[in-house]
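Which chain is which? The protein sequence lines are Z and U, in order.
The opening residue of the first sequence carries number 260 in the numbering used here; numbering runs sequentially from there.
The opening residue of the second sequence carries number 10 in the numbering used here; numbering runs sequentially from there.
Think of the hints as simulated: they come from the structure by calculation, not from any bench.
Computed from a predicted structure; not experimentally measured.
Incorrect hints may appear among the rest.
Stated by the list, open to error - Capping the alpha-carbon separation at 25 angstroms, the derived lysine to aspartate or glutamate pairs in DMTMM-like fashion look like this: (1) Z/Lys-379 to U/Glu-65; (2) Z/Lys-355 to U/Asp-44; (3) U/Lys-145 to Z/Glu-265; (4) U/Lys-145 to Z/Asp-312.
To be verified - Which chain Z residues stay away from chain U? Per the calculated CB distances, all over 10 angstroms, these: (5) His-280; (6) Lys-315; (7) Leu-329; (8) Ser-333; (9) Leu-350; (10) Ala-357; (11) Ile-359; (12) Ala-373; (13) Ser-376.
We put the CB at the ideal spot given by N, CA and C, even for glycine.
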Amino acid sequence: MGQGTELGRVRGLGSAKEGAHHWWQQRVTAAANLFLMVWFVIAIARLSAYDYDTVKVWLSSAWVAIPMLLLILSVFWHFRLGLQVVIEDYLHHESKVAAIFALNFFVIATAAIAVFSILKVAFTAGAHV
Amino acid sequence: MATQRPIARPLSPHLSIWKWGPHMTVSILHRVTGDGMATVGTVVLVWWLAAIAGGERSYATFHFVFGEWLGGALGYLFGVGLTLSFFQHLASGIRHFVLDTGAGYELKGNRRGSMATFAFSIIATAAFWAYLLGVK
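Model the full assembly from the supplied sequences, consistent with the hints where possible.
Structure (structure tokens):
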């Protein structure tokens, strides 16, 4: 797009130079979520039980911990982008800024807890803690 | 940055002027299910992961709240709600990918695609819970 003229080249870029950036990341994470979440839902359904020992052994496997980490990153980034659009649609001025602040705090804090939890279980699998 | 809109100025057509159709239901459900999973789903998932990492006693608390209290009512409530939201958001998201290519805007096809997302989410949720409670 826009190889021909000066106008064609700047079209769609805007002053931020990245007009489609948000939209594109939403699609990329959506595609990743499709695979990761389908895997997760099937894996949860196929667990033999939901007691502590079963889920701990399950989560400590690299074949589970790594996809779970990828899932957290992709899903959480996806919902951060999605909720940002909702906030921008319904809130304005100061309340919009405050809500996006809160959203960023929420997504980073919850992702940190999730990532730490997965890593802790995976790295202490053999140890008695 | 005018905060006060001149009253006489005409507005672009909005929700109230259109005849309601399944595509509008899919659209708002995409947002509702996404919001639900992003908030409620995130809290449940992160709680679950943190409970596993926290050890046997913290997991017992999570297990009690969702699996034992009131016969596991909260587990079923959140479980069915989140799986239904997930499958609806998934089907609707795939529909978005199709629409992104510029396809599926013809009236009949668009209507059929919208209805298909509802059919998929209900059947997939029923199948998931039938497997969990019956087959296993």
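Each hint tested on the structure:
no.: 1; hint: Z/Lys-379 to U/Glu-65; verdict: 14 angstroms, holds
no.: 2; hint: Z/Lys-355 to U/Asp-44; verdict: 16 angstroms, holds
no.: 3; hint: U/Lys-145 to Z/Glu-265; verdict: 63 angstroms, violated
no.: 4; hint: U/Lys-145 to Z/Asp-312; verdict: 19 angstroms, holds
no.: 5; hint: His-280; verdict: 16 angstroms, holds
no.: 6; hint: Lys-315; verdict: 6 angstroms, violated
no.: 7; hint: Leu-329; verdict: 14 angstroms, holds
no.: 8; hint: Ser-333; verdict: 13 angstroms, holds
no.: 9; hint: Leu-350; verdict: 14 angstroms, holds
no.: 10; hint: Ala-357; verdict: 17 angstroms, holds
no.: 11; hint: Ile-359; verdict: 14 angstroms, holds
no.: 12; hint: Ala-373; verdict: 5 angstroms, violated
no.: 13; hint: Ser-376; verdict: 4 angstroms, violated
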